[in-house]
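K.L.:
So the protein sequences, as listed, match chains A and B. All residue numbers for the first sequence refer to the working numbering, where the first residue is 1 and numbers rise by one. All residue numbers for the second sequence refer to the working numbering, where the first residue is 1001 and numbers rise by one.
Hints were generated in silico from the structure; no laboratory data involved. Positions of the beta carbon are idealized from the N, C-alpha and C atoms, including for glycine. Any given hint might turn out to be false.
Claimed, not checked - Facing chain B, a subset of chain A residues (Cβ under 8 Å, in silico):
| # | residue |
| --- | --- |
| 1 | A76 |
| 2 | S109 |
| 3 | A111 |
| 4 | R128 |
Unchecked claim - Computed beta-carbon distance windows for the label pairs:
| # | chain 1 | residue 1 | chain 2 | residue 2 | range |
| --- | --- | --- | --- | --- | --- |
| 5 | B | P1182 | A | K137 | 19 to 27 Å |
| 6 | A | D141 | B | R1094 | 45 to 53 Å |
| 7 | B | K1036 | A | H158 | 53 to 61 Å |
| 8 | B | L1107 | A | S54 | 55 to 63 Å |
| 9 | B | S1252 | A | L343 | 56 to 64 Å |
| 10 | A | R130 | B | S1252 | 34 to 42 Å |
| 11 | B | T1074 | A | F18 | 57 to 65 Å |
| 12 | A | A138 | B | S1252 | 40 to 48 Å |
| 13 | A | Q197 | B | F1070 | 49 to 57 Å |
| 14 | A | H158 | B | G1043 | 51 to 59 Å |
| 15 | B | F1017 | A | E41 | 51 to 59 Å |
| 16 | B | T1074 | A | Q197 | 49 to 57 Å |
| 17 | A | G188 | B | S1252 | 33 to 41 Å |
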Amino acid sequence: MTEQGGTSLTGTHQPQVFAPWLDETAEPIVEFRGVTKKFGEFTAVDDVSLKIHSREFFALLGPSGCGKTTLLRMLAGFETPSAGKILVEGQDISAVPPNMRPINMMFQSYALFPHLTVAANIGFGLRRERKSNSKVKARTDEMLKLVQMEKFADRKPHQLSGGQRQRVALARALARNPKILLLDEPLGALDAKLREQTQFELMNIQEELGTTFVIVTHDQEEAMTVASRIGLMNHGDLAQVATPADIYENPNSRFVADFIGDVNLITGTAGESAQENGEAVVVFHPDGGQMNFNARSPDGIQPGTKCDLAVRPEKIHISPTKPESAANLLEGHVHDIAYAGNLSTYHVRLADGSIVKAQEANRQRLGNRDITWEDPVFLSWESGSAILLDR
Amino acid sequence: MTRRFTWFNATSLTFGFVFLYLPILLLMIYSFNESKLVTVWAGFSTKWYGELARNEAMLSAAWVTLRVAFMTATLATILGTMAAWVLVRYGRFRGRTLFSGMIYAPLVMPEVITGLSLLLLFIAMSIERGLYTVVIAHTTFAMCYVAVVVSSRLVSFDTSLEEAALDLGCTPADAFFSVTLPIIAPSVIAGWLLAFTLSLDDLVIASFTTGPGATTLPIKIYSAVRLGVSPEINALSTILITLVAVGVIVASVLEKRWWSRRSG
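This is chain B alone, in the form it adopts within the complex (with noise of 0.2 Å):
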């Protein structure tokens, strides 16, 4: 294939580019600024990173988030493994359609709904709101991301590895931990640390779901931002933006590593 070099394709990809990471570099730059007016550069300066360090309820709100998308990450990876497991070794069982379905849907349902009806439902079971409640409302929609990537991975997995592992002695449960999750670890990790940001990142269902006490980072810049916008917002912004790609980034490579080594 020749990829010649024209100006539509260079045009194409700076818009695209510039549409969706200038908002993002912009406010990586501000975070840097010595001014507290945000809008206006007033020389190079990391204050506002040390300002942060200093403010204790934003820092509360990061160790409650980081938190939570921990326990949600680790949650959602155990049930959505299990769910992408029965998904593709039980082939065709009854219901198997209805029951992918409706693994899936939760990948396209809004989120206010979504917040909306677990609110409802720790209300309906008067379950008191906090931590946990945010934790079991994350992970309803983080295991089905981490279902999809397990399961992907699943498909092209040689089930004769798993006969080869009975044949040898194993018993089921034996060979799935001896022989099928060291082989798919690299999507199972992948699963968590998706898990893992989407927990970080999300405000709608966490401001459904909170309670007293547990005000997620994301809550908390959101009710920061409406008194107005400070630097040390930009400064936090940029550490979660930063935290965030690192996840993508190893859990992609994780994946490319994997897949050079089977065709290698």
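This is chain A alone, in the form it adopts within the complex (with noise of 0.2 Å):
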């Protein structure tokens, strides 16, 4: 698929924009090379070749027990794979303990030393650089200002919220100025406030020091929220390596597009592809309609290949008359509406049966909503909206 096939649908037209990724011959900090992991007969991590770049804010996302958590570690030095490579600047580490390996961990548990004080914690990994007393001190300290916790250095971990202790591990796991950072679901255990704040928190840092960060997440949102690029992981595979926005926009598979975000699904075929703007536009037959769609398809796709036409909920628009000039377009019966607060999502029953969900911004009052329960409403997206998504 083509990297670039995101940005001018994100709209973020900065001159600058940090994309090492799409340099081919830039050399990677981290590069995963056919990384395999089995754990008996059970395969965590199949086959995996990923590259990360410097200064990169790197997401591995998935579901629990996609194997995310075991590449971390295999980066962490926690667990060696059964076969591939791991090369750090372009060195293979296999061999490396993990206490030699330039990278340091925050761990999901925070891991922080329950018979340590604070400052100890944070001191600990440079204390085993033999550095002078005065040194650790400064470094101390130094870390302290830079997650607010001066006030807590001769507090015992005990003595300190979810919150905080996810401060100190952050600022011990920084303390040491690793080349990479690895973040085993740092955020999982605050709450939803508190972490939206952290992701910025973190964002700042990373910004900050220019470290490269790689973080662990089974929340998609966040992932979303904070990184440069996801890896999006399944069944020890990745699924697909993407901006969080080109992840959002070009999902490559059914399981990308269902996973990231909510989306409908509607299976059917292929028909004949025109060049439109530049983009292919493909017709869709849909199983068992009479009406066909236009759709995007970024990779190409045959004519006559089953496959998924997908559509977010937020890109249908709805409404009570017929529009003009729609090239795609249902007809169905409102069955539900979920209300939200700035967001209706409404389910429409078509007359088939099937589900398709569409969301609008209330951008009126509750009581001035012009369709409710059983209306007959029109569905239609732009062509655009819609992507293809081979099986």
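Using the hints, build the complex out of the two chains.
P.N.:
This is how it looks when you write it as structure tokens:
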């Protein structure tokens, strides 16, 4: 697929976009080459190849048990690959023990040492570098300041709240100034409000230090917010590696489209394609339907291929009257309305019984809404909003 | 949960405690008896404690016992902690079930058999019996108790703490001594105290494996009682009971304190 495909859709036209992965010649800081990890009969990571570049905030995303944590632990050195190589700055690190790698990790449980104070926890790794006491102290203070925990230097971990522990864990992992910081579900234990705030703090710290961050998360919203690129994993495979915008707008499979956000999937067959505004627009024949749709196909798709049409609910327009000149039109009845305050999601039942979701922002108050249960409605979307996914 | 007072409960409790502690209580009371006759109360006195302090044989036996207990406890703690570590950390290795079974077997092994087998071993290896053979014998069974105490703690130990130590530049040995050991210290100390008290009051194994010049206190008491019970023995037993009780209480308080600190 074309890597730049998403840029026209994202609308971010910054003069200097951080995108080292577009440069084929760029030397990655981390490279997985055909890495496989087996635990007995179970294959946790299956022949994964991936390049992560310096200064990236890379998110490994996926459902639980997809192998993302195993991949991270192999990079940290706690697991050894069954096959394949892991290179850091071009050097194979398979034989390097975890304590000799220029990599530090922030653990899911934070793993703060309960018998040490906050300051001693942060200084723990520095003391292992045989630094002088004054240097350890200076760096510890610097780290305490970075995470705004100066006041808590003499506390023990059990005297801290979850959010404070998370900060100490971050400071401890960053104290040795690693080339790569690994974060294993770093915000999993925080409540929603604090998590959102901490996401932005993480991004700021990452930008300030310029350290390469690799984060493991199962929360797609978190990955979308913090990451420069997302590697979406499923059953030990990398399903797709792309920027958040790209992975959302141009998913390469049913799994990706379904995992990231909400999506309507319509099964059918691809027809003839034509060029429109520099993009291939393909005619799509839904199974059992009379009407054809138009959709994008970034990969290019052969006519007659069985495929799915994916369209996001927020890209579907719902109206009580038939819109003029709509290329992609469906007719149905409102079956359910999920009211979420700012948005309403309409579940529309089509004549064949299937449900299509359409989402609208609630610009008007609820009482003034002109669509209600059992109303006949029309659904329409731009051809560019729908994408064909090969099966 | 409602805890209602019933006569049934009260009776069970009373009978249970009387059964357990009446003999000990009587022994302690009679250690303060004026009379030489153990069964006749003739007024309060601490003279038997003074008498005990002048009894050279008893004191040397006590000194032997303390040395044996101290060495046993230390050795058993080191070996028991190592055994617990391997059992808990190295998951499913070949022969693990056999290994763990063999660690715990001496807990239920009759002391007579443990003592006899060690005696035969020492004879076969022509090791002269004395203080150190008692230490070796005591260590064999005391380390099992240490392994049980320490492994129960290690099971609940978050392994990511060790991984964090490795991640922050520790060698595996450094990680053990600077992170794991300080955290499991309360149970290691509890194990030490347990081994100490076990060694302190052992009679059977010690009498099998001891030699001339290494008479432990329980052996001394046992032989003294056969010649007739003197209130001196009561006084000595009272001191021993106090020592053991203090050891057990300190060990359990350490464990408790640790748990409440973790959950707090």
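K.L.:
Each of the hints needs a verdict: does it hold here or not?
P.N.:
The hints, checked one at a time:
no.	hint	verdict
1	A76	holds, 6 Å
2	S109	holds, 5 Å
3	A111	holds, 4 Å
4	R128	holds, 3 Å
5	B:P1182 - A:K137: 19 to 27 Å	holds, 21 Å
6	A:D141 - B:R1094: 45 to 53 Å	holds, 50 Å
7	B:K1036 - A:H158: 53 to 61 Å	holds, 58 Å
8	B:L1107 - A:S54: 55 to 63 Å	holds, 57 Å
9	B:S1252 - A:L343: 56 to 64 Å	holds, 58 Å
10	A:R130 - B:S1252: 34 to 42 Å	holds, 41 Å
11	B:T1074 - A:F18: 57 to 65 Å	holds, 60 Å
12	A:A138 - B:S1252: 40 to 48 Å	holds, 44 Å
13	A:Q197 - B:F1070: 49 to 57 Å	holds, 56 Å
14	A:H158 - B:G1043: 51 to 59 Å	holds, 55 Å
15	B:F1017 - A:E41: 51 to 59 Å	holds, 56 Å
16	B:T1074 - A:Q197: 49 to 57 Å	holds, 52 Å
17	A:G188 - B:S1252: 33 to 41 Å	holds, 36 Å
Of the numbered hints stated above, none is contradicted by the structure.
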